[in-house]
Every structure is written in C-alpha cells, then in structure tokens.
Amino acid sequence: MSAPAVPMTDAAGAAAGKGPRAAKPPGAKPRVQHKGAILAFVIPFGALFALFYLLPIGYAIYQSLLVIEREGTFGQATQVFGGLTQYILVFQNGPFWESIGRVLAFGAVQVPIMLGLALLFALLLDSPLVRGKKFFRLAFFVPYAVPGVIAAIMWGYLYSPNLSPFSAVTENINFLSADLVLWAIANVVTWVFVGYNMLIIYSALLAIPAELYEAARLDGAGQLRIAWSVKIPLIMPAIVLTAIFSIIGTLQLLAEPQVFRSFSSAVTSTFTPNLTVYSTSSIPNFNLAAAFSVVLALATFILSFTFLKFTQRKESK
Amino acid sequence: MQIKKRAATVALLTAATVVLAGCASGSTTQDSGDAAACAPSDGKVDLTFTTWIPGIEDVVKIWNEDNPDVQVKVQTGPNGNGGTYQNFFNQLKAGNAPDLGQIEYDALPNFRVQDGLTNLASCEGVLDAQDNFVDWTWGQVNFGEADAVYAVPQDAGPMAMFYRADLFAANNIAIPTTWEEFAVAAEAVRATGGYITNFSQSDINQFAGFVWQAGGSWFENDGDNWTIDLTSPESVKVADYWQDLIDRDLVSTNPPWTDEWNNAYNTGSNWTWNSAAWGANSIASGAPDTAGNWSVALSPQWASGDNAAGNWGGSSTAVFKGSKHPYEAAQFALWLNTSDEALTMLNESANLYPAAKSGLELPALKEGVEFYGGQPIYDVFAEASAQVSPDFVWGPTMTQVYNDTSDGFKGAVTGNGTLTEALTSAQQSTINALEAQSIPVNK
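Protein sequence lines, in the order shown, are assigned to chains U and Z. Mind the numbering: the first sequence is residues 1 to 317 in the working numbering, read in order. Mind the numbering: the second sequence is residues 1 to 443 in the working numbering, read in order.
Please note: incorrect hints may appear among the correct ones.
To be verified - DEER-style ranges, computed between Cβ atoms:
# : chain 1 : residue 1 : chain 2 : residue 2 : range
1 : U       : I173      : Z       : N79       : 29 to 35 Å
2 : Z       : G43       : U       : A50       : 36 to 42 Å
3 : Z       : Q428      : U       : Y157      : 34 to 40 Å
4 : Z       : Q428      : U       : L234      : 55 to 61 Å
5 : U       : L51       : Z       : D147      : 41 to 47 Å
Hints listed in this document are in silico derivations from the structure and should not be mistaken for laboratory results. Bear in mind the structure is a predicted one, so any value in this text is a computation, not a measurement. Quick reminder that beta carbons are idealized off the backbone N, C-alpha and C, glycines included.
Model the full structure from these sequences, guided by the hints.
Rendered as structure tokens:
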C-alpha cells in the first residue's frame with residue numbers, strides 16, 4: 001500500500017504550503033510525517049475502493065474482451081479471448097447509439113430546466129424576503145426521499161389515460177405516446193431531483209460572506225441585482241458540480257424508463273443505454289453487456305470532462 | 001443528483017453480474033449431470049427452491065412434514081421474465097444457484113444452452129414418470145431426446161377464449177367459433193363502444209400461442225443447427241390477421257398486466273380474452289366487478305371444423321447444475337407435480353392447470369367455478385389440452401426474442417410499422433444473438 005501514500009505527500013505538501021509561507025524556502029521538498037497514521041486512514045478506503053470499484057471495473061473490461069465458443073446446438077460454452085470483437089458489435093448496434101442520442105436530447109432539455117428551477121428555488125430560499133424557509137426547504141427536498149421506482153410508478157398512474165385523477169387532461173393528451181413519453185420521464189426525473197440540486201446550491205449560497213451583500217447594498221444594488229451579479233457568479237462551482245452529476249445521471253437513466261416500459265408502448269427494451277445493457281445481460285450475453293457498459297462509461301467520462309473544460313475556460317476568460 | 005440513486009441501481013446490477021461472476025467462473029465447466037451422479041445423499045438434506053407460484057409455501061410445508069430428512073426451503077420472487085430468470089443466470093454464473101427452480105417451458109432451452117440444468121434421466125423414477133404427463137409437455141422437457149429429462153413438467157397453459165357471456169347475449173352477438181367470425185363479431189362489439197379483445201403487444205407469449213395454434217413453430221433444432229422461423233407462413237398469417245384488427249381499431253392495445261388493462265376488463269370495455277387456463281385467476285383478480293358474467297369456450301379456429309389449440313405458458317421444476325442433491329431434488333419435483341395433494345393445492349392457490357394426466361382428473365377440476373357462472377371451465381381446458389400440437393419448439397434466447405419482438409409490436413400498435421415487419425426484424429436480430437454466442441444457426 002505504498003502507492004496511495006505517494007499522492008498523499010503532494011496533498012500534505014499543498015496543505016503545508018497554505019501555512020506560514022515564510023517558514024519554508026520555496027522548492028524545498030516537504031517531509032512526510034506520520035506515515036503509519038496515513039496508512040491507517042488510507043487502507044480501509046483503499047481496500048474497499050479496490051474491492052468494490054476497481055475490481056468490478058477491471059472484471060467488466062476483462063469480460064468485454066472475451067467471446068464465447070461452443071460446439072453443437074447445446075454444446076458446452078467456453079470463453080476465449082476475442083480482442084475487440086464485442087466492441088465492434090457495440091459500434092455496429094444502431095439501437096444503442098439511437099438511445100445515446102435520445103438521452104443526450106433528454107439531457108439537453110431536462111438538465112437546464114431542472115438546474116434552472118433548483119437555482120431559482122435556492123435563491124428564493126436565500127432571499128431575505130421569503131418567509132417559512134424551513135418549511136419550503138423541506139418541501140422541495142421531500143420528492144428526493146421517494147425512491148425513483150416509486151416516483152415513476154406514481155407518475156405513471158397520474159399519466160394513465162383512463163385511471164388518472166386528471167383524466168380530463170390525460171384522455172386528450174397521451175403522455176405515454178411515442179412523442180411525449182421521453183418528456184414525461186423528464187418530468188419525473190425533474191420532480192425527484194430539483195430538491196436535491198437545490199440543496200447543494202443553497203448550501204453554497206450560505207457560504208457567501210455577508211460583507212459582500214453589505215458592500216453591494218451600499219453600492220445601491222437591489223435583491224435581484226445581488227442575486228445576478230454577486231450570488232450566481234460565486235456559486236458557479238456548485239452549479240457546475242450539479243450539472244456534471246446531472247449529465248452522468250442522464251446517461252445512466254434506468255429505473256424510470258424501466259418502470260415506464262411496462263405501461264407505455266413507446267418505451268422499448270433499448271430506450272436508454274442502460275436498458276440496452278440490462279436487456280443484453282438478460283439474454284444472457286454478459287460479454288456484450290460488459291462492452292456496452294465500458295463504452296457507456298467512456299462516453300460519460302468524455303462528456304463530463306468536456307463540460308468541465310468548457311466551463312473552466314469560460315470562467316477564466 | 002440522479003447519480004446517487006442511479007449509481008446505486010447500476011452498482012447493484014453490475015455487482016450482481018460482475019462481482020458474483022468473479023467468484024466461481026470455474027464451476028460452470030462441470031460435465032453434464034450424468035447417471036452415476038444421481039444417488040441418494042446420506043443424512044439430512046436441505047434443498048432450496050425458487051419459484052413465483054402464489055401460496056407455494058403451504059404446499060411445501062406438507063412435504064417438509066412428511067419428509068423430515070429432506071427439508072425444502074422456498075424463496076419466492078417475481079415471475080421469470082420479470083427478474084427471476086436474470087437472477088438464475090447470475091447465480092449460475094456465480095455458482096450459487098438454488099437446488100430447484102421454476103422455469104417456464106419457453107426458457108428451458110435458454111437455461112440448457114447456458115449449461116444450467118441437471119439431466120435427471122438417471123434419477124430414480126424420473127424416466128418412468130413420462131407416461132404420467134401430457135405428451136407435449138414431456139417433449140418440452142426432454143428436447144425430443146431419449147435418456148434426457150431436464151425438468152419435471154408442472155403445469156400447462158392450453159388456450160381457450162374467455163368471454164363476457166352476458167354482453168354477447170344482451171347484444172345478440174353470436175360467440176365466434178372461427179377467426180373469421182371473430183373479426184365480424186369484433187365490428188359488432190366495436191359498434192356498441194367496446195372492444196372484442198385486447199392485443200398483447202408486450203407479452204409476446206400470447207402471439208406465440210396463436211402461431212402455435214395455427215400450426216407454426218418458431219424454432220427447429222436438428223442437432224447440428226438451429227433454424228429460426230419467426231416469419232413462417234403461419235406466423236405471417238396470424239400477424240396479418242391481428243394487424244388488420246389493429247388498423248381498424250377493433251381491438252384495444254392496453255399493455256397487458258397493467259392497471260389500465262385490468263380496468264378495461266373490469267369496466268366491461270373488453271369482451272374477450274384469448275388466454276390460458278391459468279388466466280382464469282388473472283380475470284378473477286383483475287376484474288372482480290364482472291364476477292359471474294364470464295364463460296369459457298374453445299378458441300376460434302382458422303377453418304371451421306378444425307380442432308387446434310395454442311398454449312401460453314406453463315412451467316416446469318428444474319434442478320440446477322451444481323445442486324449437490326439431485327436425487328432428493330428430483331423426488332421433490334416429482335411429488336410436487338404428480339401427487340394429488342400437491343396438484344390440488346397448486347390449483348386452489350394459483351389456478352395451476354396440471355401437466356400430469358392424473359391431475360386432469362382431480363375432483364377440484366371437475367367442479368363448476370363460481371366466477372364463471374358455475375361453468376366447469378376446466379372441462380374446456382382439458383379438451384383444449386388434448387388439441388395442443390407437440391411440435392412447437394422454443395429457441396435458446398427467448399428473452400431476447402420477446403424483447404425484440406415486443407419492441408416491434410409496440411411500434412405497430414402505435415402506428416409505427418407492422419407486426420409482420422416486427423417479426424422480420426426480430427428474425428434477423430435473433431440470428432445475430434445466436435451467432436454472438438456461437439450457437440450454430442442456419443441463416
């Protein structure tokens with residue numbers, strides 16, 4: 001376990017750098033103290049991280065490189081190394097890439113709406129003009145406490161053409177049709193996660209020093225102006241964080257479409273990338289499912305980091 | 001945001017498939033369960049049994065009381081394609097499958113091709129049991145091979161037509177006996193505002209049952225190669241027939257097994273259901289307000305005077321590869337599926353229609369059923385059971401076939417493509433799925 005200790009020296013060094021700078025000549029290599037203590041703290045994390053994170057990922061990559069061979073219609077299957085065979089199948093799979101396109105369209109619309117609402121609610125909670133903050137903070141957050149599957153079943157009932165309590169609406173607008181079902185699901189996801197994102201943004205707002213508001217008020221800024229020119233720029237890192245979480249979550253949509261699949265004819269077994277993974281593993285074709293998962297993970301990484309780079313460049317301008 | 005819960009779901013799925021699989025991939029390469037292996041174990045034996053039959057606990061309790069040395073522990077889960085099969089496959093890969101499991105006939109080839117089943121032919125009494133079972137069910141568990149028994153048949157799903165006797169009578173519409181008459185009656189029913197029936201776009205077993213009745217078969221296994229025939233003339237005939245009814249808005253298309261679907265039956269909007277013997281339970285629980293108004297008749301025929309029935313569902317009890325006690329497991333499976341006491345209880349608690357011939361003579365299956373106006377409905381199913389063709393063969397990747405076909409059928413009922421196009425596309429994707437697993441297939 002010496003490897004994880006190495007980055008810790010950098011971290012220790014960075015932390016030391018924040019202290020009384022004059023004490024150390026620049027460029028001096030910081031000494032590592034309490035090696036035993038560092039190890040004691042790192043090993044539990046490191047072991048679990050390796051066991052439940054690195055090992056499964058490694059195993060998935062390993063599985064994705066295998067193909068099955070067998071003799072005869074009920075022959076014994078043997079797994080042999082197949083190189084990138086499964087990945088070629090992934091790239092040839094039309095429905096999989098359609099589903100990636102579908103969740104990207106979903107994300108492009110749903111994430112801004114959800115984060116916009118979360119930001120609005122957080123700003124309202126933070127504004128001195130609003131009363132009953134504790135109540136609203138809890139009320140906005142409650143949907144997040146409802147498990148995603150239950151939320152999907154509940155909304156599915158509300159959307160139901162004949163059984164919905166709002167059947168006057170749902171009889172005329174079929175929210176479960178091919179045109180609307182993606183946005184019906186977007187609504188469920190938004191409902192569940194607005195409160196969660198609001199809480200992250202709100203806690204960032206609470207960390208802003210009050211002097212800044214005082215200074216802004218002295219300069220004649222009203223509440224709107226303070227929100228726009230002081231608060232939002234300062235909580236930008238929190239918003240970027242929620243955006244990245246949302247992008248990852250969007251690409252990994254599974255529970256809601258899985259539930260909707262049972263009562264909407266528009267949701268297929270390949271509606272989202274993760275549903276494709278699920279359907280493939282239930283064939284069962286674990287190798288191809290593993291390849292789908294690896295490609296999906298890579299796509300998620302690329303998208304998240306592109307977004308991060310993009311926003312950082314914008315900020316530095 | 002989403003990440004937390006989604007990640008948890010995904011992590012669970014990945015953990016199930018990936019981590020568990022890592023533990024024991026070596027154990028999947030055992031040789032096929034051989035004759036010599038099936039001997040009684042010494043001492044007390046504990047068996048595990050996973051199933052989704054409602055009320056199974058009470059049946060197993062009787063066995064446990066009578067057999068103190070062979071104790072069976074029951075686990076229940078969702079129905080096969082609803083998640084239990086996925087669990088079985090994962091458990092098999094991880095080497096910790098239960099001793100016994102419920103597997104529907106259509107999934108048996110899939111489990112066999114994944115090397116998940118123990119051949120019970122050498123276990124005492126199993127081969128001798130053949131004569132106890134309805135012929136076609138035995139063909140499903142031995143794959144047409146001598147000296148092979150990969151599961152013990154449990155129940156069957158001979159199909160008939162449940163219909164609202166009161167509505168047909170009140171509107172002076174004759175009960176259809178051919179599919180042609182069925183289509184004519186569909187117009188008359190639609191004129192009253194209802195639908196003659198619901199077409200199942202997401203549970204493909206109903207459609208497969210129709211094809212079965214029409215004399216088609218989707219798969220063939222000549223020992224060297226699989227032949228896939230989703231687009232056989234019979235299959236296309238059935239698809240065109242239902243496509244026409246869908247196009248003319250003569251059948252409803254509520255996704256089956258949903259509240260909407262129950263509601264359509266409970267409110268009298270749907271008048272008939274072409275379903276299996278076990279469906280008697282589904283109507284009674286899904287449409288309680290219509291008690292007493294239903295009757296059962298033999299399925300409409302393609303030509304007047306024909307005597308053919310399809311089959312929808314039906315399960316077997318299989319012993320999984322890796323069970324240390326195949327002998328005891330086989331004895332339990334035989335008792336569960338041939339003894340009068342077990343079959344009577346299974347019929348009472350879950351309306352299971354026995355695959356055992358002796359079961360068809362049970363007093364409980366001769367009585368009138370109150371929900372069906374006192375009609376002895378199982379007489380109809382007994383007649384249908386004898387009409388089910390033994391030639392229908394299931395393929396080795398039915399979960400995939402159902403998924404791909406239902407994706408296409410779902411499009412067809414929403415005006416996107418046709419049922420026949422869906423079958424054509426599923427034909428190709430099934431060939432691909434078999435090739436991906438090196439299962440030999442004729443193109």
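Hints, verified against the model:
no.: 1; hint: U/I173 <-> Z/N79: 29 to 35 Å; verdict: holds (32 Å)
no.: 2; hint: Z/G43 <-> U/A50: 36 to 42 Å; verdict: holds (41 Å)
no.: 3; hint: Z/Q428 <-> U/Y157: 34 to 40 Å; verdict: holds (37 Å)
no.: 4; hint: Z/Q428 <-> U/L234: 55 to 61 Å; verdict: holds (56 Å)
no.: 5; hint: U/L51 <-> Z/D147: 41 to 47 Å; verdict: holds (45 Å)
The earlier numbered hints are all upheld by this structure, with none contradicted.
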